[in-house]
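Asks: Residue numbers (my numbering), protein chains in the order written: chain A, 36 to 293; chain B, 13 to 341; chain C, 22 to 368.
Wrong hints could be hidden among the right ones.
Stated by the list, open to error - EDC-like mimics (lysine to aspartate or glutamate), calculated; alpha carbons at most 16 Å apart, straight line:
| no. | chain 1 | residue 1 | chain 2 | residue 2 |
| --- | --- | --- | --- | --- |
| 1 | A | K88 | C | E64 |
| 2 | A | K261 | C | E181 |
| 3 | C | K212 | B | D243 |
| 4 | C | K222 | C | E181 |
Just so you know, these hints were derived from the structure itself, not from any lab. Small disclaimer: the values here were computed from a predicted structure and weren't measured.
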Amino acid sequence: MRKFLKRFYLAIVLFFLYVPIAVLIILSFNAGKSRAKWEGFSLTWYAQLFSDKAIMNALYVTITIAVLAAIFATILGTLAAIGIHAMKKRPQALMMTLTNIPMTMPDIVTGVSLMLLFLFTKVERGYVTMLLAHITFDTPYVILSVMPKLKQMNKHSYEAALDLGATPIYALFHVILPEIMPGVITGAMLAFTLSLDDFTISYFTTSPLVQNLSTLIYSQARKGIKPTMNALSALMFVALLILLLIVNRRSNKAVDKN
Amino acid sequence: MMDLHLPAWAIWVMLAGLAVFIVMFIIILRRNHGVKRSMFSTPYALWMIIFTIIPCLLVAYYAFTDANGKFTLDNFISFWDSNHEMNKELANLGFDPAAMGFTRGMVNISTLVYSLWMAFLCTVICLLIGYPAALFMAERDFKLGATLVTLFIIPMWMNFLLRTIAWMSLLEDNGLINTLLVSLGFSRVQLMYNNSAVLLGMVYNFLPFMVFPIYNSISKQDYRLTEAAMDLGAGRMLTFIRVTFPLSLPGVVSGITMVFMPAVTTFFIPRMLGGGNTEMFGDLIERTFLTANNWNLGSALSLIMMVLILLSLGLLRKVDPEGEGGSMI
Amino acid sequence: MKKISLLLVLTLIASLLCAPCAMAEEVVNVYNWYDYMDERVFELFEQETGIVVKPSYFTTNEDMMVQVRINPGAYDVVFPSDYCVERMISENLLAEINFDNIPNLQYISSWMLNPDYDQENKYSVPFMWGTVGILYDSTRVTEEEASSWSVLWNEKYAKEIFMLASIRDTLGVALKYLGYSMNTRDPAQLKEATQLLIEQKPLVKAYQVDETKEKMVIGEGALAVVYSGDALYAMDLNENLAYSVPVEGSNVWIDPMVIPATAKNKENAEKFINFLCRPDIAQMNCEYIYYSSPNDGAIALMGEEYTENETINPPQDVIDRCEFFHDIPENYMTIYNALWSQVVNAK
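Based on the provided sequences and hints, a complete structural model is requested.
Replies: Structural data, given as structure tokens:
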């Protein structure tokens, strides 16, 4: 009985989390345009999706920015983590504070401050500025996911490699990287998802001419979201779900092999 | 498909700078000796100076200057007295604000208090819902724990704006819930355009951030501790109060941080679910910048927000010196 | 194997980076109100001229002006309201239009030319005009009640009222109800209006702009302050709805098309403005967004369907009791902003 109550409680919480998502997915199959009325099953919105220029463009911006930002942030962050890890206590603390600031800063303040930077330096806001902003808020998360792996690593293997005649770059790729790879991958994934989902910072760092999905949704929100947007998010949702299943299957296999 | 909204020369300068930097970096790394590993973090340090430190300084600069770039504390006085600028203007125009009944304006302060209150309520509700959920998920005999964590993460992949809008289709007067109520013979209830709807939207969006850290800290606990307590005759309740709960506190603290901080500066949710009847601090900052076109006051408000967050973080660090704040990852 | 995957990643990055640069096409960036144009017009324009229309949208004049200031070069054609054109001219934000490229100006009614906000008619071409009034559900609100702004303070309709989330419009309603000018600079009158709006707040369901018409169609409210075109749109979809311009008077406005001084595609912008002035295109837009047209050619094409409709073609006495907005100088705007803040944040 006790067990049942616990399960029941969890089920209710999950229900709460999934209701709006279910609504979104169901509405994407609604023949009518209305948010409230069911007018029959249809796939029209899915068919229209691919000819909707605004949405396709925003999708392109969102995905390219997420990929590029994740790549840059991973490189920048991994190098930084390795460097910070090797630092003495004082500078290390300083660098970690520098890393923590953007993570604790409210999104809206980060967004506003970057907007001021671009306006002040008269750099036109657009694709590039949005990318720069995304790299900026992604990188600290990469550092934080790589750091623990570095702490687990043998401290002296890098020096040993250098003593044996390896160049720093060789040691980086053949000694350090293989050890911390799981952390790097986690960091990259995290960076990718964070930048995929970001709204506030993008909103302040892009011009209305370059929109990602979030800012596009925001600009449509007042008028009523087009059902094509529901269709797109349903598709993305399923795609991410499949991706997750594949990753899980793989890691399970890896565990089995071991 | 789009323009790169930078003047062409800026892109070239940036690319050239980047190329020179990378080449130098590689040259340095190819040499055998005299390379400290700590140098690996220089690109990052430079990046953060340009894109975090300088922007923060800019916010501070705007906060302490007026529209003409002169030093002033007016923006902070305006935070305290939202009518300050108006009254000054009135006096300039030859009116006597006090005689006209224009007193101190409470707009900014009351928005801050309201935001803090809403964030507090949101945190408490998240804790009340999230703690038991995390506890049940972390139980040793519950095999689905890890799967459930994933189930908690998945909704966060849906765009946050879309999730909020989906709530609108549930809560509207002609939304799904009301349609259901009416078809069951009940009368309609107004669910949207009020504080509870805003709160619901906030709890919905931030709940996972409360569950993860608590789940982490409970599932990391050594289960032998609770078993030992039970063996020594402590009941379930006592074991929980004396063992499990104290050990989960770091998770609770980081959960509170991760919910409260973003909740204070929520924006968009009040506008959509609250029908614009109330404003939270995030909305206020946005409106000050993008509608009232007052960068100086907007910067001052942002600065105040930043300082508040840092202060409360400092306080939490005292409670949670290990800094479990990043334990979600 | 490793080399190949590296190559793959590099080409991927290169293609991602280069995709944006490869599209050099003729464009015109249009910054417009939500739902303020029949978007099929964009396609027609592209078919005829090869110029691609790229739209983005705003909700209030105030938001629009900030965006134009902070995004130089981003817009080629903008649709501000009359009083904002006045402000934008004084801030040197607008480019003079080369009217040689706008032969279709001949179709614009002569009373629309050389308006107060652009007396020499150098910067703007009228696009639409209209009024502000009350959209009401005639099954719940009588015509007589709706003929006065006072209905918005009637407790009978508590939580059934939508107001505009727009500073000048909403303060204007309260000012008119009190019998003052919508362009007042008298702080005492402004304070009285603010007080009235704060008293009204418990009765208001939501402050919004673009959402209102759809919500009125599905019966979410009994009363709403709306622009005339939104009213007609909603009335077309729900026959219970009706529109009135209250007896105390209201706002009549013109939304012209202008070209920002920083526009990158000025000639395309002029082509687009000229296109919108062509009678058949103006008719398309008018029939789609239901606002009043300044285009005599389009009105002739629409005939009685247009002239008989009192909402779209208000009788002279309605226009006479309405007032145009004028620009409020920055120092007085500080007062407006502070008072509006009080309304937004009243609990």
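Asks: Check the hint pairing K212 of chain C with D243 of chain B against an upper bound of 16 Å on the C-alpha distance.
Replies: violated, 72 Å
Asks: Taken at face value, is the distance from the CA of E64 of chain C to the CA of K88 of chain A at most 16 Å?
Replies: Cα-Cα ~12 Å, so holds.
Asks: Between the alpha carbons of K222 of chain C and E181 of chain C, is the straight-line distance 16 Å or under?
Replies: Roughly 11 Å between the alpha carbons, so the hint for K222 of chain C and E181 of chain C holds.
Asks: Within 16 Å, alpha carbon to alpha carbon, are K261 of chain A and E181 of chain C?
Replies: Violated, at about 26 Å.
Checked against the numbered hints above, the structure breaks hints 2, 3 and satisfies the rest.
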